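In order, the protein sequence lines correspond to chains A and B.
Following our numbering, the numbering of the first sequence begins with 3 at its first residue and continues without gaps.
Following our numbering, the numbering of the second sequence begins with 4 at its first residue and continues without gaps.
FYI, nobody ran anything at the bench for these hints, they're computed from the structure.
Treat the numbers as computed from the prediction; the structure is a model and nothing was measured.
Certain hints may be false.
[Unchecked claim] Beyond 12 angstroms from chain A on every Cβ pair, some chain B residues (computed): (1) THR30; (2) SER35; (3) TRP100; (4) HIS103; (5) SER143; (6) ASP162; (7) PHE183; (8) LYS218; (9) THR253; (10) PHE271.
[Stated by the list, open to error] Footprint (simulated), chain B over chain A, 3 or more residues, beta carbon under 8 angstroms: (11) 71 to 85; (12) 243 to 257.
[To be verified] Ranges between beta-carbon positions, derived for each pair: (13) A/ALA178 to B/ARG189: 37 to 45 angstroms; (14) A/ALA178 to B/ASN203: 24 to 32 angstroms; (15) A/ASN6 to B/ARG302: 23 to 31 angstroms; (16) B/SER143 to A/VAL52: 50 to 58 angstroms; (17) B/ALA241 to A/ASN6: 31 to 39 angstroms; (18) B/ARG101 to A/LYS175: 41 to 49 angstroms; (19) A/ARG11 to B/ASN203: 25 to 33 angstroms; (20) A/ILE48 to B/TYR28: 51 to 59 angstroms; (21) A/ALA259 to B/MET69: 20 to 28 angstroms; (22) A/LYS175 to B/GLU126: 23 to 31 angstroms; (23) A/THR33 to B/SER143: 46 to 54 angstroms; (24) A/ARG266 to B/GLN243: 50 to 58 angstroms.
For glycine and all other residues, C-beta sits at the position ideal for the given N, C-alpha and C.
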Amino acid sequence: MTTNAFVARREAVLAGFSRGWIETRHMLTDTASVIWYVAVPVIFAIVLLVMRGNTVPGTEFALGAMVLPSLVGMSIAFGGLLGPAGTIAADREDGTLLRAKATPNGMVGYLVGKIVMFALTTLVSVVLLVIPALTVADELQLDPSTWLLLALVFIVGMVSTVPISVVLGSLMKSAAQTGLLFLASMLLIVPSGIFYPITAMPMWLQFVGQSFPFYWLGLGARSAMLPEAMAAVEIGGSWRTFEMFVVLGVWAVIGMALAPMVLRRMARRQSGAAVEAARERVMSKGY
Amino acid sequence: MSPQARPASPGNTIALAVRDLRMRYGTRDVLSGVTFSAQRGEVLGLLGPNGAGKTTTIEILEGFRMPSAGEVSVLGVDPARGDEAWRSRIGVVLQSWRDHGQWRVRELLDYLARFYVPFSAPEMPRPWGVDELIEVIGLSELANAKLMTLSGGQRRRLDVAIGIVGRPEVVFLDEPTAGFDPHTRREFHELVHQLSDLENTTILITTHDLDEAEKVADRIIVLDEGRIVADGTVEQLARQFAGATEVRWTLGGRRHVHAVRSGDPTGFVRDLLAKDEDVTDLEVRRASLEDTYMALVQRAEAGPSRFARQPDTEQRKGTGDASEAQG
């Protein structure tokens with residue numbers, strides 16, 4: 003029994019990997035998604051071009067060059083925080099989750115598939131930041147340690163945001179509520195130090211900013227891509243790499259403690275009747 | 004424990020068993036003491052008007068819902084405690100809506116089939132060959148089509164294929180033909196017959212359509228307000244429900260109705276004609292299974308508050324008078 007159960011679960015994990023790959027492929031061949039994926043870095047490139055000539059307050063350093071690594075951090079946070087919540091709410095409504103539940107070990111396959119897909123699509127959106135990066139390439143300091151640190155920030159970023167996102171997605175009553183999450187994320191971008199140095203913000207906003215992963219992921223990416231001297235304009239004049247891993251780690255622990263609980267509860271409530279009710283609501287109200 | 008194959012021994016032939024099943028939401032009883040069972044290979048139709056408790060019953064059997072009370076056994080296991088090995092022997096045909104719209108037909112079946120591979124046994128190879136299955140449901144031409152491009156009927160056939168890809172021993176279908184045109188509906192019924200005949204699969208199908216239940220089911224259970232009001236083959240039910248017969252006639256310009264509750268109405272008619280030679284427009288009408296079921300559906304749709312509708316009441320009063328007059 004245990005051997006067989008183990009084999010069955012391993013097969014489900016493998017199936018989950020192909021699910022993740024198939025869904026990533028769907029995402030990358032869907033015209034609307036491709037336009038979105040390409041439009042975002044192009045908009046960033048324009049923003050950076052507009053910023054030309056501006057410097058980080060108190061230094062000679064180009065503001066755009068400081069913003070770009072922050073954008074890398076923001077893309078990781080957005081990919082991990084918005085994506086899963088939206089799809090989980092939608093998958094619950096349209097019956098995808100119910101199908102997973104009706105399949106032996108189907109939930110394992112579903113979750114592995116989601117993690118793989120969000121890791122891959124977020125990676126794509128980060129890689130596409132090469133486009134805006136070209137506008138500020140001279141100012142960045144890129145060496146082998148850059149890529150190592152960026153990879154670490156990426157992994158920690160995913161681990162700290164995806165579980166929280168899963169929790170939020172499970173708690174939402176309908177897919178339409180994902181918009182609220184998007185709105186909240188936009189508001190949290192303001193005190194995150196991504197478009198403007200956090201040290202220039204009022205003290206209370208600095209505290210708000212430092213409570214959420216956006217700031218720390220941006221800081222991590224800056225520490226990887228900017229010259230050492232730029233640490234001087236950060237809070238405490240340091241990259242605070244250790245604190246970054248601690249704060250993101252706390253988010254990861256909270257998320258991973260809550261996610262399985264909330265997900266199980268949601269899956270238990272899922273039934274054909276619930277999917278039917280969602281379908282009727284969407285058919286009659288349009289959302 | 005490896006997944007069990009269908010036992011050949013006649014001793015273990017019960018696939019589904021439900022005893023005194025109860026379900027209560029708040030203070031509302033959705034199921035109040037439902038008891039039935041199904042043999043292996045049997046096609047059981049769960050018939051009833053909307054809100055009778057069909058979906059709740061099937062979702063409890065599928066293991067998607069916990070009953071408030073009662074005993075449930077599917078392939079000898081309580082669905083609430085069913086593990087993944089048990090799950091691999093159960094097929095659930097869900098109504099697809101817009102899930103997996105970007106996936107292609109073969110892609111999705113291939114993916115779902117993989118989960119059943121570890122549960123394969125020499126006497127019960129799992130899953131079905133995907134190409135073979137696609138051919139059975141008649142979607143070979145569309146094997147590489149995206150799900151969102153399929154018509155409603157094509158998608159429904161794919162739903163069935165997904166439900167049975169793991170070669171289940173028990174298949175659950177909840178209102179599978181809702182929104183079908185007559186042609187697609189007939190195709191679907193043939194598919195159900197194929198399943199039960201070729202594979203000896205036990206099938207539980209819910210429907211509110213008597214005609215459909217008669218066509219696909221070996222045995223029909225009629226559910227009304229959370230209770231079983233009838234259980235038997237179509238012939239048995241027809242006999243059971245055909246008990247009441249209405250005799251109508253005109254006498255002295257007045258219309259009379261008498262209901263013969265059970266037995267042969269011939270005696271009553273003979274007496275009537277012998278007693279009064281002026282009887283005209285004689286009608287003897289035996290209520291069919293359909294009449295009885297339609298009355299059930301109408302009552303359920305009207306709701307309990309509007310149960311006693313005005314015209315009915317008057318007619319009933321008239322009937323009573325006439326019957327009394329005839330002694």
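Hints and how they fare:
B/THR30, annotated as away from the interface, keeps every beta carbon of chain A farther than 12 angstroms; the closest lies near 19 angstroms. The non-interface label for B/SER35 is consistent with chain A: the shortest C-beta to C-beta separation is roughly 18 angstroms, beyond 12 angstroms. For B/TRP100, the shortest C-beta to C-beta distance to chain A comes to about 5 angstroms, within the 12 angstroms cut-off, and the non-interface label is violated. Its beta-carbon lying about 6 angstroms from the closest one in chain A, B/HIS103 breaks the requirement of being farther than 12 angstroms from that chain.
For B/SER143, the condition that its CB be more than 12 angstroms from all CB atoms of chain A holds, with the nearest at approximately 21 angstroms. Its beta-carbon lying about 10 angstroms from the closest one in chain A, B/ASP162 breaks the requirement of being farther than 12 angstroms from that chain. At the 12 angstroms boundary, the C-beta of B/PHE183 stays outside the reach of chain A, the nearest C-beta of that chain being 16 angstroms off. Against chain A, the non-interface label of B/LYS218 holds: every CB pair exceeds 12 angstroms, the least being about 22 angstroms.
Listed as a non-interface residue, B/THR253 keeps its Cβ farther than 12 angstroms from every Cβ of chain A; the least gap is roughly 49 angstroms. At the 12 angstroms boundary, the C-beta of B/PHE271 stays outside the reach of chain A, the nearest C-beta of that chain being 47 angstroms off. Only residues whose C-beta sits within less than 8 angstroms of a C-beta in chain B count toward coverage, and the segment 71 to 85 of chain A has 0 of them, not enough to reach three; the restraint is violated. Restraint check on the segment 243 to 257 of chain A versus chain B: 0 residues with Cβ-Cβ distances below 8 angstroms, three needed, restraint violated.
Taking 37 to 45 angstroms as the suggested C-beta distance range, the pair A/ALA178 and B/ARG189 conforms, at roughly 39 angstroms. For A/ALA178 and B/ASN203, the Cβ-Cβ distance of about 46 angstroms falls outside the hinted range of 24 to 32 angstroms, so the restraint is violated. For A/ASN6 and B/ARG302, the Cβ-Cβ distance of about 51 angstroms falls outside the hinted range of 23 to 31 angstroms, so the restraint is violated. Judged by the Cβ atoms, the range 50 to 58 angstroms given for B/SER143 and A/VAL52 holds: they are separated by roughly 56 angstroms.
One distance hint, 31 to 39 angstroms for the beta-carbon pair B/ALA241 and A/ASN6, is violated here, with the actual separation near 48 angstroms. Checking the proposed 41 to 49 angstroms range against B/ARG101 and A/LYS175 shows it is violated: the Cβ atoms sit about 18 angstroms from each other. Range check, A/ARG11 to B/ASN203: Cβ separation about 30 angstroms, and the 25 to 33 angstroms hint holds. Look at A/ILE48 against B/TYR28: about 55 angstroms separates their beta carbons, and that is inside 51 to 59 angstroms.
Remark: the range hint 20 to 28 angstroms for A/ALA259 to B/MET69 is upheld by a beta-carbon distance near 25 angstroms. At roughly 47 angstroms, the beta-carbon separation of A/LYS175 and B/GLU126 lies outside the given 23 to 31 angstroms, and the hint is violated. In this structure the supplied range 46 to 54 angstroms is violated for A/THR33 paired with B/SER143, their Cβ-Cβ distance being about 28 angstroms. The hinted range of 50 to 58 angstroms is not satisfied by A/ARG266 and B/GLN243, whose Cβ atoms lie roughly 45 angstroms apart.
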